[in-house]
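Peer 1: For the protein sequence lines, the chains are E and Y, in the order given. Terminal number for the first sequence in this note's numbering: 465, no gaps in between. Terminal number for the second sequence in this note's numbering: 465, no gaps in between.
Careful: at least some of the hints might be erroneous.
[Unchecked claim] Simulated coverage check for chain Y against chain E, where a stretch passes if three residues somewhere in it have a Cβ under 8 Å from a Cβ of chain E:
hint	stretch
1	73–86
2	305–313
[To be verified] Computed from the model, here is a short list of chain Y residues facing chain E with C-beta under 7 Å:
hint	residue
3	Ile-52
4	Gly-326
5	Asn-460
FYI, nobody ran anything at the bench for these hints, they're computed from the structure. Note that the Cβ used here is the ideal one computed from N, Cα and C, for glycine as well.
Protein chains: 2
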Amino acid sequence: MCANNFKINFVDGGVCAIRGVKTAGFREGKYGISIISFKNSDATGVFTSNKIKAAPVLSTRETLKNGKLSAIVANSGNANCFTGLDGETDCKDMINLVADELNISSNEIAIASTGVIGRRLPMEIMAKLIKKTANNLDDGLSSSTNAAKAIMTTDTVHKEAAIEVQLENGDKFRIGGICKGTGMISPNMGTMLCFITTDIIANSDYLNKALKKAVDDSFNMVVVDGDESTNDEVILIANGSSNLDVNVNEINEAFQKGLTVLCKNLGKKMAFDGEGASKFLEVEVINAGSEKDAKLASKSVVKSALVKSAVFGEDPNWGRIVAAIGYSGADFNPKKISIAIGSDDINIDDFDLININNINNNHNINNNHNINNINNGSKNINFNNNSINNSINNSINDNENLIYLVKNGNVLGFEGTKSLKNAEKAMKKKYIYVLVDLSNGNHTATAYGCDLTYDYVKINADYTT
Amino acid sequence: MCANNFKINFVDGGVCAIRGVKTAGFREGKYGISIISFKNSDATGVFTSNKIKAAPVLSTRETLKNGKLSAIVANSGNANCFTGLDGETDCKDMINLVADELNISSNEIAIASTGVIGRRLPMEIMAKLIKKTANNLDDGLSSSTNAAKAIMTTDTVHKEAAIEVQLENGDKFRIGGICKGTGMISPNMGTMLCFITTDIIANSDYLNKALKKAVDDSFNMVVVDGDESTNDEVILIANGSSNLDVNVNEINEAFQKGLTVLCKNLGKKMAFDGEGASKFLEVEVINAGSEKDAKLASKSVVKSALVKSAVFGEDPNWGRIVAAIGYSGADFNPKKISIAIGSDDINIDDFDLININNINNNHNINNNHNINNINNGSKNINFNNNSINNSINNSINDNENLIYLVKNGNVLGFEGTKSLKNAEKAMKKKYIYVLVDLSNGNHTATAYGCDLTYDYVKINADYTT
Chain E
1 MCANNFKINF VDGGVCAIRG VKTAGFREGK YGISIISFKN SDATGVFTSN KIKAAPVLST
61 RETLKNGKLS AIVANSGNAN CFTGLDGETD CKDMINLVAD ELNISSNEIA IASTGVIGRR
121 LPMEIMAKLI KKTANNLDDG LSSSTNAAKA IMTTDTVHKE AAIEVQLENG DKFRIGGICK
181 GTGMISPNMG TMLCFITTDI IANSDYLNKA LKKAVDDSFN MVVVDGDEST NDEVILIANG
241 SSNLDVNVNE INEAFQKGLT VLCKNLGKKM AFDGEGASKF LEVEVINAGS EKDAKLASKS
301 VVKSALVKSA VFGEDPNWGR IVAAIGYSGA DFNPKKISIA IGSDDINIDD FDLININNIN
361 NNHNINNNHN INNINNGSKN INFNNNSINN SINNSINDNE NLIYLVKNGN VLGFEGTKSL
421 KNAEKAMKKK YIYVLVDLSN GNHTATAYGC DLTYDYVKIN ADYTT
Chain Y
1 MCANNFKINF VDGGVCAIRG VKTAGFREGK YGISIISFKN SDATGVFTSN KIKAAPVLST
61 RETLKNGKLS AIVANSGNAN CFTGLDGETD CKDMINLVAD ELNISSNEIA IASTGVIGRR
121 LPMEIMAKLI KKTANNLDDG LSSSTNAAKA IMTTDTVHKE AAIEVQLENG DKFRIGGICK
181 GTGMISPNMG TMLCFITTDI IANSDYLNKA LKKAVDDSFN MVVVDGDEST NDEVILIANG
241 SSNLDVNVNE INEAFQKGLT VLCKNLGKKM AFDGEGASKF LEVEVINAGS EKDAKLASKS
301 VVKSALVKSA VFGEDPNWGR IVAAIGYSGA DFNPKKISIA IGSDDINIDD FDLININNIN
361 NNHNINNNHN INNINNGSKN INFNNNSINN SINNSINDNE NLIYLVKNGN VLGFEGTKSL
421 KNAEKAMKKK YIYVLVDLSN GNHTATAYGC DLTYDYVKIN ADYTT
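Extracted from the complex, chain E is given alone in its bound form (with noise of 0.2 Å):
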C-alpha cells in the first residue's frame, strides 16, 4: 500500500474532452436526439431496476452483452416505454437508422429515451433528427454542450462535466460526461439519462464494477422525489485513447476516484436542477455504525417531504431532520446524536470548481467534508475538499460556519436562541448543508437532493410526462 498521489481537475468539453469522441444535439419542438460518436470502444452499461423497462432499455442491456460500442443515440420527449411490439419495432428503427447514417453495425449502438409513457414515437421527426444530427457529428467543445441541450426534459439547465486525472509521473488521463435528469435509484419520472466517455484502456468486465461503484456512491444517493423511472440508463465507454491501462494499479485507483468525482459532480448537478428546485440540499451522516446506516440516515433526511417543504420555507425544523434520521432504519442512540447546519449561495457551475490532491490514499473520496472551506473568502468554494490532514471530527468542530442544533443528545436550537437565528438566517442560501454526526462508528455518506417547491407540484401537476 504505498501512497498514491494524483491530482483532478476540471476540464471543458463534456464527452468530448476525450480525444477520438465526437458529437452533435438537435432539437425540433419538445424532441431532442443526441448521438455519440467513438468507434468500437470497451463499454459497459447501468440501468433502472423498475420491472417495467422502455424499449430501449431491453435493447442497450442486450446490446452491451458484447461489450462493446461504437455510438450512443438518445431523444428526448417520448420514453417509448409500455408501447408493445411497436414500441421495440421504432427503437429498432431508430438504431438502424443511426446504423446506416454512421456506417457501424447495429449491434454496436446503444439507445436511451426519455419523456412521456406510452406514445408511439414520431418516428418521421425522430428520423429527421438522427439525419441531422449525424451530419454534424463534432468533437469542438460546444457539441457536447448542444448534446447535452438536446436531451433535456423538465431540466432548466443542460449538464455536463469533465476531469483530467493527473498521476504522479505526469500521465494523464480524462473523464467526460453529460447528463440529464435527477437520479439513479430514486430520480424523478423525467429519467435520469448519463453518458461517460474516457480515454482509459479498460474492458468492459472492468468498467461495469467500477461504473457500479461510483454510481452507488454518487447517482444512487441523489434524491429528488423518490419515483423510479422506467428509462434510466448510465453508459460509460472507454476509447484507449490515453494510451493509459487501468491494469497499472496507480491508474486503477486513479480512474476509480475520477469516476466517483465526475458521477458525484453530475449526480449534484441533477439535484441542483431537480423539478422546480429553489435549493440544493446535502447531507452528510458521519460517525455511522456502517456504511449502510449512513446511507439509510442521510438519504431518508434528503427524501423526507417534510424536511424538504421546511427547506423550502427556509425553516430550521430540526425536528423533522430527528425524526426522519429515526426512521430511516440507521442504529443510533439519541442521546449521542448531533445536528449542524450550514449554507451559502453558490450557482451550478461552483460544483466544477475543485482541485483535488489526493495527498492522504486513506481518505477516501466519500469522507471528504464538504462545509470546511466554505466562506474562506474566496469564491472558489471547495465543495470537496479532500486535502486536508485534519480529522474530521476536528475540522468539524472547528468550523465557526456550521451551527449546531443539537449536540449530543441535547437541543440548542430551542426557540428564542441564538442558534436557531443563526440557522433562521443560514437558511436563505441557496445551498444548506446538513451535518449529522451518530456518534455510533466511523461511517460516513452524503445524500443530495432539493427542496419541495409549489413549482414542483405545479410541473408535475399540470403536465403529463
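Assemble the complex: chain E is given as a structure, and chain Y must be docked to it using the hints.
Peer 2: Leaving out everything else, chain Y in the frame of chain E:
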C-alpha cells in the same frame, strides 16, 4: 367452519358510543387537552417504530405492560419529543394532575402528545386545561366530538366513528374511536393518535393481537407523505360493559372484522383530510401473487409524489401508476397488468354510509370491491360493500363506471382515445379510485392517500410543526 352471520352498522357517539366511557376536550389557542375515562379496563397499544420516541410514547408503552387503563390524556400543540429529562418530568406531571383530578392511580393513565418537536410543554396551560377537562367529563354524544376536536393540529376536520355489531342471535357489542393525523407507518409529522373503546370482554393480550391485525390493514395502508412521526399511538381499551366475551368463536370473528372496519373508516378519514389534500385517493390491487405484493404495489402508487401530483392536476397519468408499480418490489408480468380508474363526489361523512352484512364467511373484508356500487343512483355509496356474492373479477369487469386505461398489458388510454377522455372527466371528482389487476394470483390490498397540492407545501413550509 360454520357460517357466522353478523351485521355492522355505524352509530353515533365515537368513543362514548360505549357504555361506561366518559370524555371531554378543551382548547386554548394552539393547545388542547382531551381526557377519556373508563375505569379499570383491559387495554393495549401500538406505537411508532421511529427510533426517536417522544416521552409520552415511552411512558404509555411502560404503563401498558400491566394491560390495564382507567384513563387516557392527550394534548395537542406540543409533541414533548426530544425534550430530555425535562420532558419526562413534564409527562409525569401531566399524568399526576389527571390522577389527582380523577382520583385514580397514575399507573392506569396512558398519555399521548402531538405538535412541535423539541420544545418544553407549557405546563401552566396544560394544568389549567387538564383541570377544566377532568371537571367536564361526560358520556353525551357531543363529548366525543369535543375530545376529537381538542387533539387536532393541522387537521381540518375532527375524526370519529363508532359501529354496532349485531350477531345472528341478536347480541350486540360496540367499538368506537376518535383520531387525528394521517396514518401509522407512513403518516406525516402531524402525528397519528387514535383512541378506541369497546364494550367487549377481552384481555390485553387478545386486544393486542386484534389491534395489530386491524392496524396493518387500515392505518398502515394510509400514506400521506411517507414521513413517520415520533409520537404515533393507537390505544384500544375494552371495558366489558356488553357482557359479551370475545372467547366465544363467533364473537371473536365479528370483533376482529368490526375493529378492522372501524380502523379502515378512521384511516380513510385521515387520508381524506391529509395535509393540503384536495382529493381522496384509493388504490386497490387485486390478483397479486401474495398479500405482501398487493400491499407493496398499492402503497407504492399511493405514495408516489408523481402520481399524487397528477391526481392534483386531474391528469389520468397511468404511465406514472405503471412506473410506481414497477419499482414497488411486487412481482408481476407487465404484459398481463390492467389499470382502471373510477371516481365519485363524496364528503367525509359518506364513509359512514355503510351497512355490512357478513353473508359469506370466506369473503374477507380486505377483498371487498369498493367501486361496485358507486353511481348506483343512491347517495348511499357502499364504499365497503362486501355483501356481493359475485366474484371480484366478474363484478369489476361488469362495472361500466370503471374506465380501463391498460387491459392485459395493452394500452387503451392513448392520447385522443375515448378512454383517456373519459378518464380525464373522471379525475375531476373528489374521490379517485384506481384499480390495478396484476393477474398474478388471488391476493388483494387497498391503500389510501391523497393528492400532493400547493397547500401541502404551504402548510409544511410556512409553519414549524
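Peer 1: Looking at the structure, which of the earlier hints fail to hold?
Peer 2: Violated hints: none; all satisfied.
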